[in-house]
Structure formats: C-alpha cells, structure tokens
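Construct the entire structure; sequences and hints are all you get.
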Amino acid sequence: MRSSYINPVSAPMETAAHLSIQNVSKIYPGRRSLLDKTLRRTSPDFTAIADIDLEIEPNTFVSIIGPSGCGKSTLLNIIAGLSYPTTGAIVLNGKPITGPGPDRGVVFQNYALMPWMTVAENIRFAVETVYPAMPLAQQKNIVHEYINLVGLRRAERKHPHELSGGMKQRVGIARALAINPQMLLMDEPFGALDALTRGFLQDEIERIWEQERKTVILITHSIEEALLLSDKIVMMTRGPAARIAQVLDVPFPRPRKREQLDQYPEYHELKAAMEHHLSFETRVVEESRIKATA
Amino acid sequence: MTNDLLQPAIAPQAKPFRLNTSQKALILFFVILAVFLALWELGAALKIFLPIMPSASQTLKDFWFWISDPFFDYGPNDKGIGLLLLTSLRRVMIGFLIGSAIAVPLGILIGLSPVVSQAVDPFIQILRPVSPLAWLPLGLALMRDSEKTALFVIAITSTWPTLMNTKFGVSNVDSSYLNVAKTLGASRWRTIRKVILPAAAPSIVAGLRISMGIAWLVIVAAEILLSGGIGYFIWNEWNNLKITSIITAILIVGLVGVLLDRLFALLQSWVSFGQRS
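So the protein lines, in turn, are chains P and B. So the mapping is simple: this note's numbering equals the position in the first sequence, first residue as 1, plus 1. So the mapping is simple: this note's numbering equals the position in the second sequence, first residue as 1, plus 1242.
Don't take each hint at face value.
Chain B regions said to be covered by chain P (calculated; three or more residues, Cβ under 8 Å) [what the hints assert, rightly or not]:
| hint | stretch |
| --- | --- |
| 1 | 1343-1356 |
| 2 | 1421-1432 |
Negatives, chain P to chain B, calculated, CB over 10 Å [stated by the list, open to error]:
| hint | residue |
| --- | --- |
| 3 | Ser-44 |
| 4 | Ala-90 |
| 5 | Ala-134 |
| 6 | Met-135 |
| 7 | His-162 |
| 8 | Ala-193 |
| 9 | Asp-195 |
| 10 | Glu-207 |
| 11 | Lys-233 |
| 12 | Val-248 |
| 13 | Glu-260 |
| 14 | Ala-273 |
| 15 | Glu-287 |
| 16 | Ile-291 |
Calculated cross-link-like contacts (lysine-lysine; reagent style DSS-like; alpha-carbon spacing at most 30 Å) [claimed, not checked]:
| hint | chain 1 | residue 1 | chain 2 | residue 2 |
| --- | --- | --- | --- | --- |
| 17 | P | Lys-159 | B | Lys-1436 |
| 18 | B | Lys-1321 | B | Lys-1303 |
| 19 | P | Lys-141 | B | Lys-1424 |
| 20 | B | Lys-1289 | B | Lys-1303 |
| 21 | P | Lys-96 | B | Lys-1424 |
| 22 | B | Lys-1303 | B | Lys-1436 |
| 23 | B | Lys-1484 | P | Lys-141 |
None of these hints come from the bench; they were simulated from the model. Bear in mind the structure is a predicted one, so any value in this text is a computation, not a measurement. No residue lacks a Cβ here, since even glycine has one placed at the ideal position from N, Cα and C.
Following this line, the structure appears as structure tokens:
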C-alpha cells in the first residue's frame, strides 16, 4: 500500500481503479430492544439503499445524482470505508474494501480542513500520513505541486478561516489528490458554494481531471454539473430503499467547455431525461413529507 | 482608501464631534470612580461610618506606601507587598502546574475512552463540588507542612475545570476532522497527536484559564488559614486593625487576577485559529 510514490502530475494515468459495487444494501436497525418495547418507542428498521450494483471502469468520471435523502452520501461513505454495507461488498481492483484507506481520496462537502493548519500544512499532513518514509524535500515538492495545481500559491501560508469557501474546497481537492489515490470520492463538494463560485470550481475540476484522469465518483444535486464533468451519470430513485434507476452515458468529447455543451444534440435529451426523473422523484418525496407532517 | 481622487467627495463635510462607545464608557468610569471616592471621603469626614473605617485619602496614601516600596523585608511579619505577592504567586504556579499535569493527561485519557470515562465519572462527580478548603486539614495531616499543604490545596483546586474541559474537548472533536484522518489511514497515535489534541486545545486552555482563576481565589483563603503570602497579610493586618492595608491587598489581588486571566485569554486566542472568536 505504501509503495513508492509516483508523481501523478508528471506521470498521469499511472494509477487507476476499477470499482465494483456488488449488491450493496444499507439497513439502519430500528429500536426493538426489551427496554424500547416496554417504553413503547420501537421503530422499524430503515433501509437507506437497497441492492446497488454498479461497475465503475478505470479512469471514468461517474456522477451519482438523485433526490435528497436518497442515500447518495451513504453509498459514498461505504465506498470511502467510513461506513459498512449491511449486505453485499465493494471491490476495488479485486480486493474487497474493509475500511478507509489512502487508496481513495475523499473531498468533503464541509471541506474538513484542520483550522490550526495552514493551507500547506493541511496538504502536508495528508502526504506525511500516507508516505511517512518519504524524504521531507520530496513531501514539500508534492505539496507545492498541488497547491499550484489548484492555483493557491499565494495563499499557502494562510489558515482556513482566512479563505473563501471556494478556496477552502480547492485545498480539499489538493489534499485529496496529493496522496495520489487510485480514485477520488467527492461528496457534494460544491454544495455549500454560491452559484458563480460553483461554476468556476466545476471548470477547475474539468481542467484538473484532464491532467489527472483518476477514477472519480461525484455526488451531486446539479444536472449541469453532472453533464459537464461525467462520463457516466447514475440516477437514483427516492429513498427509503433507494436503488439505481438508470445509468446514462455522457458522450461529449473532452476537454469540455461549459458554454459549448449545448451545441451537442444529446445534451438536451440527457438534460430532459434527468430533469424528468428528478422532478418526478422529488415531487413524490415532497408529497410524502407533507403527508408525514400532516 | 488609497485613491486620492475619491477622498474630496467625502472629506470636506466637517464631521460633528462624537465619542465612540469606549470613549463614553471611559468617561463614565472616571465619573463613577470620582463620585464613589467623593462620597467615601465625605462620609469619613462627617463621621457617618464606624470609627474604624479610614478615609479615602488615607487609604490612597497607604496604598501608595505599599506599592512604592514593594520589596522591603523587616522580618516574617513585616514584608513588602511585592514579596508577599511573589510568595502567593509561586504557590499558585507550582500548585497549578501539578494540578494541570494531572488534569490534562487524565482528561485526554477519559476523553478518548468511554469506558474509563464512565468508570472514573463517579469519583469526579463527588469530589468536584467539594470546597477546596475542605482538603486543607487533610493536607496538613498528610504533609505536616503548611507550604506543601498550600500546594496540595491549589493542585486539587486547579484540577477539576481543566479535567472537565479537556475531557469535553477531546471527546467532542468535529467528526469531519476524524474522518479525514481515517480516510488517510492515520494511526491512532498520529490522529491523537495531530488532530485530536490541536482540535481540543481551545477547550483545554479554557479549562486552564478557569482553573487559574479559581486557584487565585483559593490561595487567599488558604493562606489566611496557613501562613505567608498575600492571604496571611490580609489576616495579619486585620489583627493589626489596619483597614487601609486590607483594602490595598484586595485591590492588588484583583489586579493580579485580571493580569493572569488576560494572559490565558491571549493563549486561548493563540490556539483558536478563528474557530471561536
């Protein structure tokens, strides 16, 4: 696992992962102990996701999109190893995932930067943790390389509270990439950003991905984001017991430019199909929520 | 701001003279102080108070006597206030260090382990609300020495807030920091050293700050019962019926308390990095 480090910027496509999600379900057990029964507060089991089967080929960018509460983040957490499937298994390059590990870089929605570390220190922490035997000079080189990659050279000595949301997430992306993972997992990375910053960072992700074609899984709410970045879009049904409704192929050539996408006839078809699916699922979710509160 | 062209549009309007909040507060502070001193002086001159009560001017004069020559030493019961303060401060520092050296590691341990936490909790819950002075006779019995007893009492006093805050800080680290460490495959030891402790540092320092405040409160009471230091001075001057010295000591104890608190406030902002303002 801690093999020699291959610099991914100068040697792209060196590592890539094939991920196989096999029949994965996640059931959160309800309250049903004797104490709960006597207190009349039992609750049924909650099935977040059910029977998810998905093959993700090396070097593909896959987006998962679905109505809110459909278990997208649950699935990503299981892939990251932070949570465990109730049934089924996830296999990365032939080996089942049993826990978190640096072969998967994670970009968190809330950035999750250590506030007591500077930008450079946050990235160094990751590199040093994953490659403890690496010479210090090389660690520093990698840190600088990734700070440059996300365009934060002038902010490397700043602490997170001095950065804007967009800058924070760039640090998050640099930190995830700097450990040279086999795949990148992103959980609504731009969800907390304003629309303009979000668009800008999406373009940045597209640019960075052209340089480093990792296997990527992106959880998103945004149809445009999915269409701009993905090779494949996985649409999920509403929860509970969310399933995969459909997997769409996004055939646009790369590198992609946001303003050119709508020249492709498929763009409108894909967008219409996604909007149809998501608005239908969201309407049912909202209606059931209204019923539950009434 | 740097653009000179923009300046004239605003500058010519003569700004009306206005005080900001802190300037107003400063003026009010001096007004209250003056009124208080005037009433005190007047009351003493008209003999409204008991005869033992000194006038404000006499108190100020004696206050100046004590602070103008703080380090004289004419024997065990006749020392300058600076020497007395140093004795008390030394005791507080040593006792506080001993207490913190116990509280911080123990707090980390119980913060990390729910089992240890639950096992130790009854001891802490029962001992924590006990007045530190209740430990004093026990200290005398065990140590047979007033100096060591003072340190013992201060150490116990300064243990509890630090212990509780350290435990709280360590067990309430933002789970996203821990998830980062997990996804990087960081070892437990590295996670504690590089993530949990820095994340808990603001809580730990807040605990130390409270502990120091209470230790400074308790040292005066402990020294009244033991000997030496500013607390004993206050009791001694009461026996001499020197009220001005007592008032002087009260003010100086208060000032030193503020100073110690400010010191820890600085430390607190240094470890916070914008997490808390």
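Here is how each hint holds up against the structure:
no.: 1; hint: 1343-1356; verdict: violated (count 0)
no.: 2; hint: 1421-1432; verdict: holds (count 9)
no.: 3; hint: Ser-44; verdict: holds (23 Å)
no.: 4; hint: Ala-90; verdict: holds (19 Å)
no.: 5; hint: Ala-134; verdict: holds (14 Å)
no.: 6; hint: Met-135; verdict: holds (14 Å)
no.: 7; hint: His-162; verdict: violated (3 Å)
no.: 8; hint: Ala-193; verdict: holds (12 Å)
no.: 9; hint: Asp-195; verdict: holds (21 Å)
no.: 10; hint: Glu-207; verdict: holds (24 Å)
no.: 11; hint: Lys-233; verdict: holds (23 Å)
no.: 12; hint: Val-248; verdict: holds (26 Å)
no.: 13; hint: Glu-260; verdict: holds (35 Å)
no.: 14; hint: Ala-273; verdict: holds (37 Å)
no.: 15; hint: Glu-287; verdict: holds (29 Å)
no.: 16; hint: Ile-291; verdict: holds (31 Å)
no.: 17; hint: P/Lys-159 to B/Lys-1436; verdict: holds (18 Å)
no.: 18; hint: B/Lys-1321 to B/Lys-1303; verdict: holds (18 Å)
no.: 19; hint: P/Lys-141 to B/Lys-1424; verdict: holds (22 Å)
no.: 20; hint: B/Lys-1289 to B/Lys-1303; verdict: holds (19 Å)
no.: 21; hint: P/Lys-96 to B/Lys-1424; verdict: holds (19 Å)
no.: 22; hint: B/Lys-1303 to B/Lys-1436; verdict: violated (55 Å)
no.: 23; hint: B/Lys-1484 to P/Lys-141; verdict: violated (67 Å)
Hint compliance for this structure: hints 1, 7, 22 and 23 are broken, all remaining hints hold.
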